[in-house]
Amino acid sequence: MTDAARTTPDIALPDAKVAGKASGQKRKGFEVGSFPGLKTWTWVFFIYLYAPIVVLVVYSFNANNRAQKWTGFSTSWYAKAFSNDDIQSATINTLIVASAATVLATAMALLAALALARGGRFKGSTASLGLISLPLIVPEIATAVATLSFFVVIGIQFGLLTLIIAHTVFCIPFAFLPIRARLEGMDDTLEQAAMDLYASRWKAFRYVTFPLLLPGIVAGAMLSFIISVDDFIISLMVAGAGSTTLPLYIYGMIRVGISPEVNVISTVMLLISLVFITAYWLLTRGDDHTVH
Amino acid sequence: MVEDGRTAIDIRNVRKVYGSGGGAVTAIERASLDIADNEFFTLLGPSGCGKTTLLRLIAGFEATTEGEIFLYGDEIEDLPPFKRPVNTVFQHYSLFPHMTVAENVGFGLKMLGRPKAEIGEAVERSLSLVKMSDFARRKPSQMSGGQQQRVALARALAPNPKVLLLDEPLSALDLKLRQAMRNELKTLQRETGITFVFVTHDQEEALTMSDRIAVMSNGLIQQIGSPLDIYERPLNRFVADFIGDTNFVEADIASVEGGVATCQSAGGLEMRAAVVDGHGVGDRVTLALRPEKMSLAASANGGAATPGRIESADYLGTSTSYKVMLDGGVTLAVREQNPVDASTVLAAGDAVHVSIPVGTARMLVD
Ligand SMILES: Nc1ncnc2c1ncn2[C@@H]1O[C@H](COP(=O)(O)OP(=O)(O)O)[C@@H](O)[C@H]1O
Ligand SMILES: [Mg+2]
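From first to last, the protein sequence lines are chains A and B. The numbering of the first sequence is the working numbering, which starts it at 1 and goes up by one. The numbering of the second sequence is the working numbering, which starts it at 1 and goes up by one.
No wet-lab data here; the hints were simulated from the structure. Computed from a predicted model, the values in this text were never measured in an experiment. Hints are supplied without guarantee of correctness; some may be wrong.
Label pairs and their computed distance ranges (CB to CB) [stated by the list, open to error]:
| hint | chain 1 | residue 1 | chain 2 | residue 2 | range |
| --- | --- | --- | --- | --- | --- |
| 1 | A | I156 | B | D78 | 45 to 51 Å |
| 2 | B | S32 | A | A279 | 57 to 63 Å |
| 3 | A | S74 | B | S141 | 51 to 57 Å |
| 4 | A | A279 | B | A180 | 21 to 27 Å |
Glycine is no exception: its CB is placed at the ideal position from the N, C-alpha and C atoms.
Full structure from sequences and hints, please.
Below is the structure:
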């Protein structure tokens with residue numbers, strides 16, 4: 001836990017009590033929660049947001065071989081999808097690329113975050129911070145085209161390697177933000193305390209900084225992983241023959257028509273994303289400084 | 001006094017400037033001091049005077065801009081913090097939040113590569129020294145500030161350092177706890193025989209615990225001496241003012257005889273004080289007079305008392321603090337113990353005679 005996190009309960013307690021009292025009283029005047037129809041709109045909003053996903057999941061269990069018509073419950077499409085050689089190889093490609101990109105991106109993000117937070121202020125440290133986060137708002141298609149052109153210029157063969165390089169690059173900011181948030185809530189007096197107690201720089205990192213940063217590092221890695229697994233546009237540009245990833249494969253199948261297999265793969269990907277996002281949320285929950 | 005012992009820390013002409021160019025801040029103008037082995041030495045001064053900086057220079061978290069620091073005779077300039085046999089109790093404790101109390105306390109010895117059994121023993125010993133043995137398995141977040149303070153102390157003591165640096169360790173505690181910890185710290189220092197360098201801005205803390213005190217202001221050491229020295233014989237205006245209450249009276253030296261000057265203030269008040277170097281007959285000097293050294297009486301009683309009138313009287317329980325306007329125009333603060341019959345306490349408007357015993361007035365260098 002960070003210093004800030006430790007002191008929060010003391011500060012938050014009186015507030016919480018006051019809030020509890022206020023909400024316990026019945027008030028007549030203006031209340032935010034009582035706009036007419038607000039509840040209905042909330043429901044409409046959620047249906048709008050999640051109906052397509054529900055349809056996707058439900059239809060992945062459809063017995064019919066035409067995806068759009070419901071004829072009965074079945075898991076046969078799951079069996080079929082999992083035994084499909086193309087899907088298997090796309091899955092393996094996806095996992096290889098995502099794992100490699102995650103490890104590389106997280107390591108680089110960790111070094112960058114440490115350099116920015118502990119390297120002392122150097123010329124352009126603020127600019128560096130901005131530059132690391134910038135890819136988050138650059139249109140993905142621009143990054144994709146740029147990456148493609150870059151690979152063409154240096155004459156590299158398209159394949160898993162180009163995918164890993166490209167994915168590492170766009171995963172770095174995602175891995176960086178949670179690590180940086182964690183580091184910011186942690187001033188360097190703990191490292192100084194460790195060094196005062198005979199820990200070398202490396203040992204201070206190993207026994208104090210790293211364990212305290214770990215939740216941020218894991219969160220950053222998970223975010224990178226899921227971003228890599230989901231990526232389509234950049235993958236489309238830089239994947240070579242034989243390095244098709246799952247999103248590329250799904251896109252290829254859809255051009256032929258929406259088959260229940262597509263629903264199955266999409267559902268599985270959705271599930272994986274949910275697991276990772278939940279874990280990410282659990283890890284960063286106690287972290288006051290997380291950038292949302 | 002402890003000057004005959006070995007020198008633990010020798011600070012010679014140290015200067016510390018943070019940053020450079022236009023944004024440079026001089027935290028230590030120039031400081032020289034010796035701290036003896038086994039001494040309880042206190043750095044006392046207002047916030048921002050450079051106390052923490054001096055401590056961090058000793059610990060090795062900052063590098064000196066000029067000057068040298070010797071630890072038991074060895075120059076330590078080139079040693080990183082983890083190679084200096086000193087430990088620090090940080091102002092905000094800085095306990096490792098992901099470790100238990102026992103792991104925190106054992107950390108130093110673990111980093112030194114000591115065997116597990118030895119670490120275990122040292123942890124137990126240190127925790128019992130600070131009466132925290134029952135808390136070994138807790139995490140820092142599960143303890144009060146006072147308990148964290150004790151653990152921080154145990155952690156710094158466990159590796160048995162030659163010197164312990166303490167940066168305002170009591171400032172975050174409430175009054176009662178702070179007073180209790182003063183005695184404990186003092187006892188701890190005597191029992192362990194470790195040299196303590198203690199930083200505080202609280203004069204009472206400094207006076208009650210220290211063997212010697214260095215009073216600092218604006219990056220300069222103003223005076224070094226025992227608590228008695230500092231209080232009874234302040235060298236300059238800053239020290240006299242920062243520690244306790246003081247009357248400052250401007251006076252001219254009328255004559256000097258055997259090292260004692262007879263001084264005359266405006267309005268004909270005559271006082272005698274030991275002359276300080278650099279002053280002679282005819283000079284205008286500042287005299288410091290402690291309010292509790294003087295006394296009031298309703299009548300002159302034939303002594304050498306100066307007549308005046310009470311301007312205000314503040315009842316403080318054990319004593320009463322008076323403002324007395326002497327007939328010559330000088331105003332003095334005088335503090336008197338309250339008598340058994342408190343109704344006889346003097347009141348504003350009463351005519352009084354102030355007697356100033358020989359030795360009360362202290363000539364300052366500035
Ligand atoms: N890291 C730093 N960078 C720049 N100025 C500093 C730094 N640390 C302290 N100072 C300045 O040096 C002066 C002395 O600070 P410090 O040693 O912390 O005083 P104290 O502990 O007596 O309150 C202050 O003016 C402070 O602002
Ligand atoms: Mg300080």
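Distance restraint evaluation - B:S32, A:A279, Cβ atoms, bounds 57 to 63 Å: 58 Å, holds
Whether the CB-CB distance between A:I156 and B:D78 falls inside 45 to 51 Å: Taking Cβ atoms as reference, A:I156 and B:D78 lie about 48 Å apart, which means the hint holds.
Status of the given 21 to 27 Å range, CB of B:A180 versus CB of A:A279: Roughly 47 Å apart at Cβ, these two residues miss the hinted range, so it is violated.
Beta-carbon spacing of A:S74 to B:S141 - inside the hinted bounds 51 to 57 Å or not: 52 Å, holds
Hint check: a violation occurs at hint 4 only; the rest are consistent with the structure.
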